[in-house]
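Number of protein chains: 2
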Amino acid sequence: MSGRHVVAVDESTHLADDAGAGGQVDVEVDAAVRAAAGTGVGQSSRADRAAWLRALAAGLELHRDELVALAREETHLSEARLRGEVVRTATQLRFFADVIDEGSYLEATLDAPDASLVPPRPDLRRMLRPIGPVAVFAASNFPFAFSVLGNDTASALAAGCPVVVKAHPGHPRLSRRVVELAREALQGAGAPSDALGLVEGVESGVALVGHPLVSAVGFTGSTGGGRALFDLASARPAPIPFYGELGSLNPVVVTEAAAATDVDGIAAGLAGSFTRDGGQYCTKPGLVFVPEGTGFEDALCDALGTVGAQRLLTDGIGAAFAAGADRLVGLPDAELVWRGAVDPSTGEASDAPATVVAASARAVADDPHAWLQECFGPLTVLARYRDRTELDAAVAALDGSLAASIHHAPGEDISELVAALAPKAGRLVFNGWPTGVAIAWAQHHGGGWPATTASVHTSVGATAVRRFLVPVAYQDAPASVLPAELADGNPLGIPRRVDGTLVSGHQS
Amino acid sequence: MSGRHVVAVDESTHLADDAGAGGQVDVEVDAAVRAAAGTGVGQSSRADRAAWLRALAAGLELHRDELVALAREETHLSEARLRGEVVRTATQLRFFADVIDEGSYLEATLDAPDASLVPPRPDLRRMLRPIGPVAVFAASNFPFAFSVLGNDTASALAAGCPVVVKAHPGHPRLSRRVVELAREALQGAGAPSDALGLVEGVESGVALVGHPLVSAVGFTGSTGGGRALFDLASARPAPIPFYGELGSLNPVVVTEAAAATDVDGIAAGLAGSFTRDGGQYCTKPGLVFVPEGTGFEDALCDALGTVGAQRLLTDGIGAAFAAGADRLVGLPDAELVWRGAVDPSTGEASDAPATVVAASARAVADDPHAWLQECFGPLTVLARYRDRTELDAAVAALDGSLAASIHHAPGEDISELVAALAPKAGRLVFNGWPTGVAIAWAQHHGGGWPATTASVHTSVGATAVRRFLVPVAYQDAPASVLPAELADGNPLGIPRRVDGTLVSGHQS
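Each protein sequence line maps, in turn, to chains X and F. Counting along the first sequence from 1, when you hit position 15 you're at 15 in this note's numbering, and nothing is skipped either side. Counting along the second sequence from 1, when you hit position 335 you're at 335 in this note's numbering, and nothing is skipped either side.
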């Protein structure tokens with residue numbers, strides 16, 4: 001693997017030094033980053049930024065019809081899905097406005113001096129400050145919610161960081177139009193329009209990660225692409241944090257008791273979840289442990305009979321899906337359970353037929369490299385287990401995922417199963433499905449490698465802002481230089497920790 | 001620079017595959033890591049771990065005389081310094097016990113279901129869980145406080161992570177004895193003694209960072225060594241977070257008004273700070289901007305006349321100091337202000353004479369690569385500025401530091417200076433000195449590269465535990481599998497966020 005990394009680093013060095021095409025890319029990227037860095041977004045108030053985020057949300061909603069039409073042309077996603085995604089994206093923007101309004105994300109902490117301690121304690125006041133310009137790599141599968149104005153951009157702007165987005169090539173016109181509207185909305189709200197910039201193309205992405213003024217990276221995409229960029233970020237003369245969300249299998253365990261209770265309901269739920277919007281979700285359940293001999297396969301095939309034709313986001317993704325599905329089907333222990341090439345309701349051929357491959361849990365545990373790779377699109381693998389020993393061995397072989405789900409019977413003791421799955425996933429779902437990631441203070445969208453590069457952080461939920469903040473402590477500072485959030489008397493009324501005790505907002 | 005990294009990666013690969021000397025090292029490291037991973041520390045309660053930390057503190061204090069004597073033989077640090085450092089180390093251990101007792105570090109967050117949202121919100125409950133076994137690289141200059149039982153170990157154990165320490169070669173016997181006593185103390189407190197292990201030697205350190213069960217690294221040491229290990233951690237098949245504290249200049253600015261007010265007092269303070277314990281602090285002020293023509297140099301020389309002879313931690317550190325000092329003195333624009341080769345009070349020759357080199361701030365700004373390198377030991381550089389323009393240019397050239405200090409006159413407007421220095425340091429010190437890092441909730445010990453590899457986190461202060469924790473969200477979980485910290489009714493009485501509102505501990 002080190003060989004591949006070395007090549008990636010060398011390529012970037014080459015691009016950076018290149019006076020030809022790479023040189024032109026570098027000039028454009030440099031201009032975008034310098035414009036962003038020059039905006040003074042880091043000195044803006046929380047109230048101002050909250051207003052900007054709400055203006056961005058309103059701008060999206062105002063132009064929803066136009067944007068959804070553009071997105072439909074470029075992504076093949078359904079109108080209903082895209083309209084819902086615009087709502088989601090606006091909700092995210094407003095959510096991060098709420099988070100910074102509330103203020104506890106700053107971790108404001110004050111300690112009074114105490115000369116009797118070893119070493120003596122001066123007056124110390126700590127809070128978080130913006131890290132600096134952030135590079136955001138947009139995703140293919142969420143043209144709004146994880147793209148130009150998606151979670152990474154919204155949380156970075158909320159934190160006080162200007163953003164340069166690297167557009168996803170799957171929806172270039174939409175990306176340009178959203179940036180145009182966003183910059184108008186920012187300007188209308190009194191914000192510097194250069195707080196949000198856009199660059200395009202692989203070489204621009206490489207130049208962006210290497211730019212000395214870029215302070216952090218948010219990325220949603222493939223494991224290969226994400227790893228190459230993570231390696232670049234880590235190999236910089238001054239490394240920067242790279243928050244990447246890469247690939248995820250999102251294992252599901254159906255217990256024997258659950259299958260005995262409601263095999264049809266669980267199978268129908270799985271059919272809906274793994275084929276939803278062409279199975280193009282990072283949270284798609286891609287591996288399902290089912291007990292042998294419960295009729296689960298039959299129930300699943302029944303449910304899949306009603307799934308319509310699918311067309312994937314781009315031709316490239318369609319081709320990769322076909323290759324990935326063929327590879328799994330061709331594995332020595334594989335059994336093809338379902339491949340729905342034709343939509344039975346319309347007779348229309350699908351370029352991405354829903355696919356179910358089955359194997360024994362033993363086979364999966366014995367060859368994890370072959371079986372435990374994400375196949376992006378409407379495919380899931382059923383891993384049949386005969387007993388708890390087989391299930392445990394296969395679970396132990398799992399890499400990190402964004403989510404892991406357990407279908408269990410009411411009152412069933414699943415504590416050992418939970419203990420085994422907990423280290424493998426950032427979110428544990430009970431009697432439900434991992435697709436459909438709610439926007440909430442308590443949400444977490446992360447997990448061990450390869451689900452993310454930085455399992456300690458999240459890209460969805462309130463603490464997504466923490467990725468783009470760094471601490472600063474003021475020692476014996478005169479009142480004139482302290483941020484208002486750290487001033488005596490708590491004039492902005494935010495939650496703070498004072499001499500070790502948490503004090504709610506609007507208390508002194 | 002990439003060439004050096006490639007070599008480092010290849011060496012590690014080689015070591016890992018080596019069946020010879022490297023193979024033996026790997027076996028020992030593997031045994032230590034597997035023993036740590038098998039302890040079940042991650043499932044222990046906060047109350048239990050708090051008791052363990054307090055037992056470790058008591059064990060240190062109980063054996064203070066023996067340990068200080070051992071440390072004196074190996075480090076040349078003074079008895080007073082070492083006795084104080086044991087107190088500091090015990091205080092740190094108890095502080096992290098208090099932090100986990102209080103419980104808000106878990107970020108427990110509960111959101112009630114709401115089906116009306118897009119997407120619908122299930123019951124979500126989020127908290128932080130231990131990341132897994134942590135590798136800790138001990139420092140040379142704090143044989144207690146940043147070594148076997150130092151901040152990294154204390155915060156990792158507090159978080160619920162077992163630790164394998166890589167001993168610093170500067171105090172091997174002390175390291176072994178502290179581990180021995182610590183394991184006794186752990187066992188006495190009912191903890192698994194393998195919660196703390198020790199390995200020695202460069203090859204062991206490399207094997208530790210590459211071990212698949214190691215989940216994070218804490219490091220305090222040189223920029224070269226830290227960078228090589230950071231590169232290894234990032235190049236792993238599954239990368240892990242590397243929290244390194246490397247090199248720091250800790251710039252100081254003396255304003256014209258401050259110099260006019262109290263040049264003697266400031267010079268005396270600097271003399272004490274940069275020569276304290278042989279100048280062997282990561283927070284030593286290594287670069288001081290002074291206004292030209294204020295007599296600061298004379299005042300500093302007066303103060304340095306009383307500094308005693310110094311002997312550095314190891315012969316290697318002494319040799320590196322001499323080479324670093326010679327290099328600076330030999331720079332084209334350098335002027336040697338002081339080199340106290342003999343202690344005037346005793347006539348004893350010093351192997352690490354206090355050294356002051358001066359240059360113009362212009363020279364520093366024009367050749368930052370030559371001037372802005374840490375020289376570990378009792379040396380500081382005076383950068384003389386004629387006006388604010390010269391000062392600003394030099395400040396702009398600074399890399400990240402752990403601390404930056406401003407000496408200013410009462411009532412002086414220093415807001416622009418603070419704004420310029422704030423992005424360059426993790427802690428801003430006013431009319432004081434950066435040495436002597438207090439243990440407090442509001443402390444931050446971090447900063448941009450090369451001060452740390454991960455400027456978003458701290459190694460001192462309450463949030464040091466955050467480095468060794470990862471979030472997990474429970475979606476629609478049955479009560480039987482929820483951690484008590486997330487249960488209905490808040491049975492453990494910790495601070496939590498409920499439906500977006502922060503609720504203090506011992507409220508429902």
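Please keep in mind that the hints were generated in silico from the structure rather than gathered at the bench. Bear in mind the structure is a predicted one, so any value in this text is a computation, not a measurement. Any given hint could turn out to be false.
[What the hints assert, rightly or not] Across the chosen pairs, the derived CB separations fall in these ranges:
hint, chain 1, residue 1, chain 2, residue 2, range
1, X, Gly308, F, Ala31, 52 to 58 Å
2, F, Gly330, X, Ala115, 40 to 46 Å
3, X, Arg81, F, Asp499, 53 to 59 Å
[As the list claims (entries may be wrong)] Pulled from the structure, derived: some chain F residues nowhere near chain X, Cβ distances all over 12 Å:
hint, residue
4, Ser78
5, Gly103
6, Pro120
7, Asp302
8, Ile317
9, Leu336
10, Arg339
11, Asp367
12, Asp387
13, Gly411
14, Thr435
15, Ala438
16, Ala462
[Unchecked claim] Facing chain X, from chain F, some residues (calculated, C-beta under 7 Å):
hint, residue
17, Glu61
18, Leu62
19, His76
20, Ala80
21, Pro113
22, Ser116
23, Arg125
24, Phe430
25, Pro471
For every residue, glycine included, the Cβ atom is placed at its ideal position computed from N, Cα and C.
Now for the hints, and whether the structure bears them out:
no., hint, verdict
1, X:Gly308 / F:Ala31: 52 to 58 Å, "holds (56 Å)"
2, F:Gly330 / X:Ala115: 40 to 46 Å, "holds (43 Å)"
3, X:Arg81 / F:Asp499: 53 to 59 Å, "violated (28 Å)"
4, Ser78, "holds (15 Å)"
5, Gly103, "violated (10 Å)"
6, Pro120, "violated (7 Å)"
7, Asp302, "holds (26 Å)"
8, Ile317, "holds (23 Å)"
9, Leu336, "holds (31 Å)"
10, Arg339, "holds (29 Å)"
11, Asp367, "holds (17 Å)"
12, Asp387, "holds (21 Å)"
13, Gly411, "violated (8 Å)"
14, Thr435, "violated (9 Å)"
15, Ala438, "violated (4 Å)"
16, Ala462, "violated (8 Å)"
17, Glu61, "violated (12 Å)"
18, Leu62, "violated (18 Å)"
19, His76, "violated (21 Å)"
20, Ala80, "violated (11 Å)"
21, Pro113, "violated (9 Å)"
22, Ser116, "violated (12 Å)"
23, Arg125, "holds (6 Å)"
24, Phe430, "holds (5 Å)"
25, Pro471, "holds (4 Å)"
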